[in-house]
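K.L.:
What follows is the residue order along each chain.
Protein chains: 4
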Amino acid sequence: MYPQLSPHAKTLYAKLTAFVDEECLPAEELYERQHAELSSRWMIPEIIETLKGKARKLGLWNLFMMERDVYHSGLNMVEYAVLSEVMGRSFLAPEACNCNAPDTGNMEVLAKYGNARQQAQWLNPLMKGSIRSTFLMTEPGVASSDATNIATSFRREGDEYVVNGRKWWSSGAMHPRCQVALVLGKVDSPVTAAAPRHRQHSILIVPMATPGVKVLRALSVFGFDDAPHGHAEVELVEVRVPVSNLILGEGDGFKIAQGRLGPGRIHHCMRAIGLSERVLGLATKRALTRRAFGKEIARQGAVQRDLAQCRISVDQARLLVLHAAWRMDTNKGAKGAQQEIAMIKVVAPSAGQQVVDTAIQIHGGMGVCQDTILARAFAYMRSLRIADGPDDVHMRTVARYELKKAMEGATGPAADAWYRSGGEVAKENGQSRL
Amino acid sequence: MYPQLSPHAKTLYAKLTAFVDEECLPAEELYERQHAELSSRWMIPEIIETLKGKARKLGLWNLFMMERDVYHSGLNMVEYAVLSEVMGRSFLAPEACNCNAPDTGNMEVLAKYGNARQQAQWLNPLMKGSIRSTFLMTEPGVASSDATNIATSFRREGDEYVVNGRKWWSSGAMHPRCQVALVLGKVDSPVTAAAPRHRQHSILIVPMATPGVKVLRALSVFGFDDAPHGHAEVELVEVRVPVSNLILGEGDGFKIAQGRLGPGRIHHCMRAIGLSERVLGLATKRALTRRAFGKEIARQGAVQRDLAQCRISVDQARLLVLHAAWRMDTNKGAKGAQQEIAMIKVVAPSAGQQVVDTAIQIHGGMGVCQDTILARAFAYMRSLRIADGPDDVHMRTVARYELKKAMEGATGPAADAWYRSGGEVAKENGQSRL
Amino acid sequence: MYPQLSPHAKTLYAKLTAFVDEECLPAEELYERQHAELSSRWMIPEIIETLKGKARKLGLWNLFMMERDVYHSGLNMVEYAVLSEVMGRSFLAPEACNCNAPDTGNMEVLAKYGNARQQAQWLNPLMKGSIRSTFLMTEPGVASSDATNIATSFRREGDEYVVNGRKWWSSGAMHPRCQVALVLGKVDSPVTAAAPRHRQHSILIVPMATPGVKVLRALSVFGFDDAPHGHAEVELVEVRVPVSNLILGEGDGFKIAQGRLGPGRIHHCMRAIGLSERVLGLATKRALTRRAFGKEIARQGAVQRDLAQCRISVDQARLLVLHAAWRMDTNKGAKGAQQEIAMIKVVAPSAGQQVVDTAIQIHGGMGVCQDTILARAFAYMRSLRIADGPDDVHMRTVARYELKKAMEGATGPAADAWYRSGGEVAKENGQSRL
Amino acid sequence: MYPQLSPHAKTLYAKLTAFVDEECLPAEELYERQHAELSSRWMIPEIIETLKGKARKLGLWNLFMMERDVYHSGLNMVEYAVLSEVMGRSFLAPEACNCNAPDTGNMEVLAKYGNARQQAQWLNPLMKGSIRSTFLMTEPGVASSDATNIATSFRREGDEYVVNGRKWWSSGAMHPRCQVALVLGKVDSPVTAAAPRHRQHSILIVPMATPGVKVLRALSVFGFDDAPHGHAEVELVEVRVPVSNLILGEGDGFKIAQGRLGPGRIHHCMRAIGLSERVLGLATKRALTRRAFGKEIARQGAVQRDLAQCRISVDQARLLVLHAAWRMDTNKGAKGAQQEIAMIKVVAPSAGQQVVDTAIQIHGGMGVCQDTILARAFAYMRSLRIADGPDDVHMRTVARYELKKAMEGATGPAADAWYRSGGEVAKENGQSRL
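Chains as they are written, first to last, in the working numbering: chain F, 1 to 434; chain R, 435 to 868; chain S, 869 to 1302; chain Z, 1303 to 1736.
Worth flagging that the hints you see were computed from the coordinates, not collected in a lab.
Just so you know, not all the hints are guaranteed correct.
Keeping only pairs whose Cα atoms sit at most 25 angstroms apart, straight-line, the calculated BS3-like set for lysine-lysine is [stated by the list, open to error]:
1) F/LYS295 - S/LYS1163
2) S/LYS878 - S/LYS925
3) R/LYS729 - S/LYS925
4) S/LYS996 - S/LYS922
5) S/LYS1273 - Z/LYS1312
6) F/LYS404 - R/LYS719
7) R/LYS839 - F/LYS10
Now the stretches of chain R that chain F is said to cover, found in silico as 3 or more residues with beta-carbon under 8 angstroms [to be verified]:
8) 435-447
9) 710-718
The following label-pair restraints were derived from C-beta to C-beta distances [claimed, not checked]:
10) F/GLU160 - Z/ARG1601: 37 to 43 angstroms
11) R/ALA628 - F/LEU288: 32 to 38 angstroms
12) F/LYS214 - Z/GLN1423: 54 to 60 angstroms
13) F/GLY74 - R/LYS449: 38 to 44 angstroms
14) F/MET407 - R/LYS766: 44 to 50 angstroms
15) R/GLU480 - F/ALA410: 16 to 22 angstroms
16) F/SER130 - Z/LYS1356: 54 to 60 angstroms
17) R/LYS766 - Z/ALA1495: 38 to 44 angstroms
18) Z/LEU1360 - F/LEU216: 36 to 42 angstroms
19) R/ALA550 - F/THR11: 47 to 53 angstroms
20) R/GLY493 - F/VAL70: 49 to 55 angstroms
21) S/GLU896 - Z/LEU1360: 55 to 61 angstroms
22) R/ALA550 - S/ARG909: 35 to 41 angstroms
No experiment lies behind these values; they were computed from the predicted model shown.
For every residue, glycine included, the Cβ atom is placed at its ideal position computed from N, Cα and C.
Required output: the full structure, derived from the provided sequences and hints.
P.N.:
Below, the structure is given as structure tokens:
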């Protein structure tokens, strides 16, 4: 049931595990120290560049990339999912390996949909890790859970689009190296207004240095500012970019965004699982070392039940995410795995939230303060239940597929077609691996 | 992530799916009608024998058996798990395929631990489906969740054991063809008394016709008597059997019982999942056809959330059980998969209970009465949270492994060893498939 | 916080507690024995008449009645709620005290809305306990959770209505003394068709002996038939009753039904709480007497957590129901307490279901079979989450009031008005007690 | 069911409601602004002193105090609970009314157990609000959930105790006006060592200015430092105080602490409920104003179910806490209400956490950032599940009482004695009100 890794993936797994366990995790304390000593919270601790250098030398670089032969990591989605869990254990590993959101999604978009010029200008430095990017989608003025609400306007004037709007939760926009944004908005034209709701939006490349791009403030998440990465509120006032900065065509915005979200959800969820494992390990160790009422709390029945539930939740979440990744590998990508992807987006953060909540309870006061990673992990899990669509939106998607199947008179579980085919699809996928 | 079936398993899957969908499910109504017309609830409707004949002719017979070459079904545990789900859809299919509890477990025990004489006398007719058996373990007088409490005594007198005790939840003991019982008890001797708690019990073969075996009454489950299979309370009063009826040696009782329980839990859980799928299908169809407050209830957000949660729970349960089966295939059988098996024993019945509860709510009054399978399915799921050990016992097992791992300083998830090895184990297992 | 009972209520409380604990609970076993010996499950064990005689002599009779001075029990809703909990402890007490559904609701309707002739003919014998009644509302063909779906037709022909329709969950209709039904249906006329959805239904008195009233079958609840009370499916084919059997006027059906449901929900919920207390007592005692893994299971932390949760759930449910009853007493009856009544209808059965589920788990196999009241109690609690409107319908009501309050700009909790008034309303209510 | 307030309490309720709604809530923004402009986070915004002045002038001052006639607020516990909910709505109100933890508890201790000198020196300025205090109990080195673990040592030398230990979660210790600490520790003597576990601890008054008292750092709660109140880690190194600073005698520590915790839990819980109401109001308003998928999210069934669940949870929590307060008023104080107090300590924060979690989900990204009170409210609720004993400790207490009752053969719910007595106790309490 655990995936069989290719020799290439096996090698990467071994190297990455060693890198995360021996380099990233021990460096977290140094990172905090260096960060505390910087003159601004929005500067980058030096150690992160050291780690990036090591990761690149080890070939642990851009592992997420499955577009464009030249950049292809040689992994399929399942294999990258396995590696994502390992990276998720440490807050530093994803960036160290140039595999952190939102850059991964932006790079995928540029690799898949960008033209040669766009790729030369933005994709190449992003893949090198020399610049960072942000994705400007969510808006404070509307319920962005229904993305068709998004209202930022692109007004065509000659060879330029003039962008006006207000965005927030623009993760990474505060990063000192953030040089470019992909912006989702609506072209202000009769053609757009007449298009179906899901064909009205477009994506523009907007350099952060363009006049009118105003990073207003940093948003906090349960009191954490997540500096120097951060989440910004950004105002766009009469921001002018050439029309050649459009990715694909007008109205292709959701098509592009969707392509971005499928893999992104696998990444997010597997990282959440990696973090959950780390947290569960902390809870277990704590339970073994604290005594109350005459015995270690690990020996109390109620604590045992809680720990067991965590183990079950994490193992179930992992299997479900790997399963979704495998569906993407074997069933036409994210399109053929939408129900599965919707499921994991609910399950993995919820499981993670529950695991962290249990760990906090077992740690007592220490669990909510700065002495452990737990409070921060909680903020991460909790906000993940909102980011990329709140739980209810995904639950609706899961239900819609279920109802559709029933209306089409389908019987039996989804696995049925697979068993009948006996794995032919998988073989084909294995062959097409690179 | 779904297992790759061998050509043999693939063929069986196709045949079994057709058999269950086209023969067993449509026969359920006839079965009920025939049963209602019999002069006693403890007689067998004729249709079940017809189905058994068909299944045997199709080679859908004794699929569970993985002991003894001559009887081996040619399936590994994962493959049989897949087939168990299919059988679980219909209340008739397991018996039709001679794959129903408790006979499967008893046959496994006889195949694995019985001597040639015992096998000739009891295993052969069981494998043919001409007789049925029961397993006498649980006792009304003690908390059987802690099996070391079991108190039925085996008193040695010459070449005989004299059995005294009271058992209940002896499933199948009321069946008109039930001819033999495997009885768990304690030899009444100083050697036994001095042995460690887990080495005090033994298993004896007791023919049901032996004087002193008294089937006292049928137990009901939420008002259902599950006739003609049933669950009996049985008294054993001065029951004499030859010492040669002992399976293995004195004190081997738990060793034998454990070997029986691992596969049995896979079977139970996968059947529960098959039933859950059927129930979820009923709920979905019902939601699509009932209107309230101006629209189909399938279009109500709260109902959609419930249906989505069911889909998630069932898919997660399936993956976890397949995973446990796969661990058994690749990691030294049930012994190497104890934590995984403990997890599924909690997860699959709980998921099933939740799915049935949701389906009942969607059906309204119809859901609790005799017009659907739901009330009976509920009783099945609910009692499965007690049978073979209540949830809490399994949760404790899960926790114990978690704590043990932590005390040994293990880091990383259980999957780690697998990824490192890159699937060597699986290959080896594949080779040894038959 | 517990209500202050009037001297009259205090006396009744003491007498009722003694009657239930010393007469009803000990009689349950005899009742079962007598019932088992009757030639039909639809006959009445003699003991119930004995108990009725005792209750009547003790003045523990028709305690629910708050309409019509001559019959008024002298209790307010809170006081009767307190007594309902006591009656809920025993399956026999409500009938023994002539306080059982659906007769209570039917008597309330007749007392409140019936004319003198209707009262003389039906209310009087019901109050005497010499006949029984049923309420024909739910229909198998429509989602009755939305009661406007109800389709049974009343066709006016001269001085008669001709009734056609199919009803089910007609509780009490199988009872050998059931002589009359209140039937909810729609007059077949253009006036009705043009009326608002909630003004289209009417209620007719239909004697069970009227030609065309066909009790088709008994419905089971999780395998229990609840005989001799039972739940019937009833067909009405060209059933003719005089127009004078209409209660109030055409279109008044929901108005009447609503008046019936408010108090009924208080009764149901308090009885569920009484039963929950009994069940929790059983669970606690069982936990104290069973040993597993070296100690009483009452000493296991996980079991303690479960028992504590039960205590919390029951106490919270009780307070909420008493609170709703108090709102009815002090805020214009059921109309002024709709949000509160909707809340309890979800809370009390859910709490009860959870308590019984826990008790079953603590009892192990014994918990699901006929040896305790648990399986039957579970069936009662579970079906109560559907009867009188499924949970989701009530949750929607709760939400609707919450949203309405917000739209009206109300601030602060509902208690606010009460605190400000400082209890004036309560005093007024106290004065008007009788 | 809502308590009948005395005329005095009614007047206070009206004044307090106006003060909180019209003064405190509107001042929160100003408070934040003033705080942001101070040179240190550990300085006090001016507005708080303004509010204190107003509250004192209005007589909304020291309302919690029920010890010592001269200071007695004239309220009973139920009445103060009602007022606590009102104060809980605003983060500023408790301090404005000199009713904030931990000072309230410290003042109660001094009023109840302090001698005249201790009261003159510390109680009087605390009651005036001119100084603040802290309570040093929890220790980082031990599981303080089992308070007998607490290890800080009091070494007697002549007329002095020499205190050594490390404390944390010393709330209020960072406050610029904090001048005194009550410290829980163990006298280092053979007498103490030989005493029963619950008679080994003592409480000492330690002025913060005493040499050796070192406030090491501020602890954060989910990223919030709660300045200028804050939670400190404090080291005590050879801190010398006169033996006359002992409250009561050696070994009386837990007796004193218990007396402090009962009322404190009522206060905490009711404030949590006040905050929950505020949060639920925010969620409801948000749901009414955001549109997604073609309608306001308030019209989505799943959101309605969530809002309804919040309303139910808050109303049930309120009733339970008022009930516990009423038990204290009518049943010998906290001692006679231990099970009830344990229940509320689990229920109110859990309900609060659930309400805030729902509100966050409804707010989306806005819910986790600094633009609402939600993230901070979440941190408050979540940490309240740990403060004053983690949930499991209280659940154990609830269970222990339940088991004790069963062992003593008690039948019927706790309310029974009350109903039987018919409210005599309450009357007596009403008379003794002041």
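K.L.:
For this structure, which hints from the list above don't hold up?
P.N.:
3, 15, 17 and 22
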